[in-house]
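Chemist: All residue numbers for the sequence shown refer to my numbering, where the first residue is 1 and numbers rise by one.
Think of the hints as simulated: they come from the structure by calculation, not from any bench.
Note that the structure is predicted; figures quoted are calculated from it, not measured.
Any given hint could be a false lead.
Stated by the list, open to error - Subject to a maximum C-alpha distance of 30 Å in a straight line, what follows is the list of computed DSSO-like cross-link-like pairs (lysine-lysine):
(1) Lys405 x Lys24
(2) Lys180 x Lys89
(3) Lys89 x Lys405
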Amino acid sequence: MSTTILAIGAMIFLAHFLSLFFRKTNVPDVLVLMGVGLLLGPVLGWVHHDDFGKIGPIIATIALVVILFESGTSLRLDVMSRSLATTGKLTFVCFSLTVLLVTLVGFYILELQFLPALLLAVILGGTSSAVVIPMVESLRLSERVGTTVVLESALTDVLCIVGVFALLGVYEQGHVDAGKLLGSVLASLVFAAALGVAGGIGWLLILGRVRDFPNTISSTIAYAFIVYGVTETLGFAGAIAAMALGLTLTNYEQMGLKRFKSLSQDIEPLTATDLSFYRESVFLLKTYFFIYLGISIQFSSSMLVLIALAVMVAVTLMRTVLARFVFRADEFSLRDTAIASTLAPKGLAAAVLAAVPLQVGVPGAEVIRDATYMVVLVSISLCALLVAIYPLSAVQWAYSVLLNKPR
Numbered sequence: 001m002s003t004t005i006l007a008i009g010a011m012i013f014l015a016h017f018l019s020l021f022f023r024k025t026n027v028p029d030v031l032v033l034m035g036v037g038l039l040l041g042p043v044l045g046w047v048h049h050d051d052f053g054k055i056g057p058i059i060a061t062i063a064l065v066v067i068l069f070e071s072g073t074s075l076r077l078d079v080m081s082r083s084l085a086t087t088g089k090l091t092f093v094c095f096s097l098t099v100l101l102v103t104l105v106g107f108y109i110l111e112l113q114f115l116p117a118l119l120l121a122v123i124l125g126g127t128s129s130a131v132v133i134p135m136v137e138s139l140r141l142s143e144r145v146g147t148t149v150v151l152e153s154a155l156t157d158v159l160c161i162v163g164v165f166a167l168l169g170v171y172e173q174g175h176v177d178a179g180k181l182l183g184s185v186l187a188s189l190v191f192a193a194a195l196g197v198a199g200g201i202g203w204l205l206i207l208g209r210v211r212d213f214p215n216t217i218s219s220t221i222a223y224a225f226i227v228y229g230v231t232e233t234l235g236f237a238g239a240i241a242a243m244a245l246g247l248t249l250t251n252y253e254q255m256g257l258k259r260f261k262s263l264s265q266d267i268e269p270l271t272a273t274d275l276s277f278y279r280e281s282v283f284l285l286k287t288y289f290f291i292y293l294g295i296s297i298q299f300s301s302s303m304l305v306l307i308a309l310a311v312m313v314a315v316t317l318m319r320t321v322l323a324r325f326v327f328r329a330d331e332f333s334l335r336d337t338a339i340a341s342t343l344a345p346k347g348l349a350a351a352v353l354a355a356v357p358l359q360v361g362v363p364g365a366e367v368i369r370d371a372t373y374m375v376v377l378v379s380i381s382l383c384a385l386l387v388a389i390y391p392l393s394a395v396q397w398a399y400s401v402l403l404n405k406p407r
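Make the full structure from the sequences, and use the hints.
Modeler: Next up, the structure:
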């Protein structure tokens, strides 16, 4: 037990060092943290994924909720509104092309049946909020580009989750209603956002009274868990609700709540201390999430490594071409556009969804799970590598040519 406690403390100090190292060298801390998990788990065998039991996935979900909530408090409504068109293009085109590519790989190379291949593709179609958001904050992207890729990661989480369960319904029932599927996605997004906004307004009105109790700095995060849980229980996207809650708490003036005198007198805004506490919470949870993710990776075939690498290289190239058109305006710098094109890592949602086909008994479910875990590892590694080498002159020249932007 004493060794475990010692290791936990050492990991926190390591994470602080890696954050500074990231700023100095451009080597993302998430890659090293995941490497620590790989070393402790699959390589040395000191820790196994099963050792965490049900606690591991719960901690991972808690990390996701806090990361999304804190990112919502960092977003500005005016920047977000100007980024919606850009976000829509990047999200749906990139998701669709990734699904098409991975389906072909699953069907022709992994020799899966069509439906399992499509399941694998939808699982890997999005980007990971838990990876993208910390990297965006550390890399200090411009507000509009940062907002675009953060929103993309949140939206694709929803598309992946809804898509996977819709396909599992097809497997079990033998048919799909395209209209109902589209309606399910839209309802999940709209109602989740509405619940997040309504929850945020309600919390602003009672926060002042909550602060009359002692030791309440963590109460807002606890409330975010409640909003997430209620939204998920109702069948909507808890991730979107958590982000909308954070957005509402810091953008209530732009939402026009100050116009209602009966409301404005009771509103208690978040303080700088609150926001600092949320950032510190993200830092701690991020540290353990990526170590846990590294421990969870499973190696089953060296061929899967090569396939995963080929898939992610193709996805990154496709995303780079797409970024050339989505971010073609002069206001988007070469650095911001180049980094946005690299931010295609897979993470928590993919890792969790990968186990679902196995539970249902889908043919080839083991291949889906193992391929997903490998793509998660390779995608984060490739993303981190591309970010790390961007300062090199030759790399900037290559991006300048590919993106048609001056250095």
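Chemist: Kindly indicate which numbered hints from before are broken by the structure, ordering the numbers from low to high.
Modeler: No numbers; nothing is violated.
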